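So that you can map any letter, position 21 of the sequence shown is 21 in UniProt numbering, and since no number is skipped, the others follow by simple counting.
These are computed hints drawn from the structure, not numbers from a lab. Don't take each hint at face value.
Mimicking DSSO-like on lysine-lysine, the simulated pairs with C-alpha atoms at most 27 Å apart in a straight line are [what the hints assert, rightly or not]: (1) LYS167 x LYS4; (2) LYS134 x LYS52; (3) LYS150 x LYS134; (4) LYS4 x LYS134; (5) LYS134 x LYS121; (6) LYS167 x LYS134; (7) LYS167 x LYS121; (8) LYS52 x LYS150.
Quick list of simulated restraints, FRET-style, between CB atoms [to be verified]: (9) SER45 x PHE92: 19 to 29 Å; (10) GLY147 x ARG43: 30 to 40 Å; (11) ARG126 x ALA62: 38 to 48 Å; (12) VAL122 x GLN169: 13 to 23 Å; (13) ILE53 x ASP124: 14 to 24 Å; (14) MET60 x ASP124: 34 to 44 Å.
Note that the structure is predicted; figures quoted are calculated from it, not measured. For each residue, glycine too, the CB sits at the ideal point set by N, CA and C.
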Amino acid sequence: MLEKILVFDTETTGFRSDDEVLTLAVVDGRGATMVDGMYAPVRKSAWPDAEKINRISPAMVADCPPIRTQQAELERLFNDPDTLLVGYNIEFDIRLLAQSGIRITNPNRHDVMLAFSEFRKVPDARRGGYRWWKLTECADYYRYDWGTTKAHGALADTLATLYCYQKMQQPVYEEQSLF
Numbered sequence: 001m002l003e004k005i006l007v008f009d010t011e012t013t014g015f016r017s018d019d020e021v022l023t024l025a026v027v028d029g030r031g032a033t034m035v036d037g038m039y040a041p042v043r044k045s046a047w048p049d050a051e052k053i054n055r056i057s058p059a060m061v062a063d064c065p066p067i068r069t070q071q072a073e074l075e076r077l078f079n080d081p082d083t084l085l086v087g088y089n090i091e092f093d094i095r096l097l098a099q100s101g102i103r104i105t106n107p108n109r110h111d112v113m114l115a116f117s118e119f120r121k122v123p124d125a126r127r128g129g130y131r132w133w134k135l136t137e138c139a140d141y142y143r144y145d146w147g148t149t150k151a152h153g154a155l156a157d158t159l160a161t162l163y164c165y166q167k168m169q170q171p172v173y174e175e176q177s178l179f
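Construct all of the structure, not just a fragment, from the sequences and the given hints.
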């Protein structure tokens, strides 16, 4: 059994192969913040489409270091073989971290988005398989209280993902018919 759980999320300049991480949040299985960082991209100077969603402007990260300055520390954290990595659409975050210079080789991964899709079992004719739900939809399903935070912030999304992960670990009881 894995000793530790790390839940993480990123906000990025976009989703293409040249995009980079702007923020990274990591919490442990109890919800304690381990990383809550903001980083300057190396290749991008503007990201208007992503900025509309994540509300991170170039001015906000202008004086921040690139994420690569924490490469050794982050790779040690993520690649601990006794750690389960948990995320919502986790492979996207892992890919964007790699594009930003942080290599995650730990195979112990749990994608809450895919688990929730499997749980809900709504067919997706376009993609095949089951529909992928947004984190906000998953959080709403489990009645997550965002408090004063908003979706599309790395730490807020990480805490919502942890909550959904924990809810999905609880047993589900189905009503039994008497007939």
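Structure-based check of each hint:
Between the alpha carbons of LYS167 and LYS4 the distance comes to roughly 18 Å, so the proposed pair stays at or under 27 Å and holds. Proximity of LYS134 to LYS52 is assessed by CA-CA distance (about 17 Å); at most 27 Å being required, the pair is judged to hold. Between LYS150 and LYS134, the direct Cα distance comes to roughly 14 Å. Compliance with the 27 Å bound is thereby established for this hinted pair. Proximity of LYS4 to LYS134 is assessed by CA-CA distance (about 26 Å); at most 27 Å being required, the pair is judged to hold.
Annotation: proposed proximity of LYS134 to LYS121 holds, straight-line Cα distance about 14 Å (limit 27 Å). Distance check on the hinted pair: LYS167 and LYS134 sit about 16 Å apart at the alpha-carbon level, within 27 Å; holds. This hinted pair checks out: LYS167 and LYS121 have alpha carbons roughly 17 Å apart, not beyond 27 Å. Of the pairs offered as hints, the one joining LYS52 and LYS150 holds, with about 13 Å between alpha carbons and a cut-off of 27 Å not exceeded.
Separated by about 23 Å at the C-beta atoms, SER45 and PHE92 satisfy the suggested range of 19 to 29 Å. For GLY147 and ARG43, the hinted distance range of 30 to 40 Å is satisfied, since their beta carbons lie about 35 Å from each other. Here the CB-CB span from ARG126 to ALA62 is close to 39 Å, well matched to the stated 38 to 48 Å. Taking 13 to 23 Å as the suggested C-beta distance range, the pair VAL122 and GLN169 conforms, at roughly 21 Å.
Under the hint 14 to 24 Å, the C-beta atoms of ILE53 and ASP124, about 22 Å apart, fit the expected range. Between MET60 and ASP124 the Cβ separation comes to about 35 Å, which falls inside the hinted range of 34 to 44 Å.
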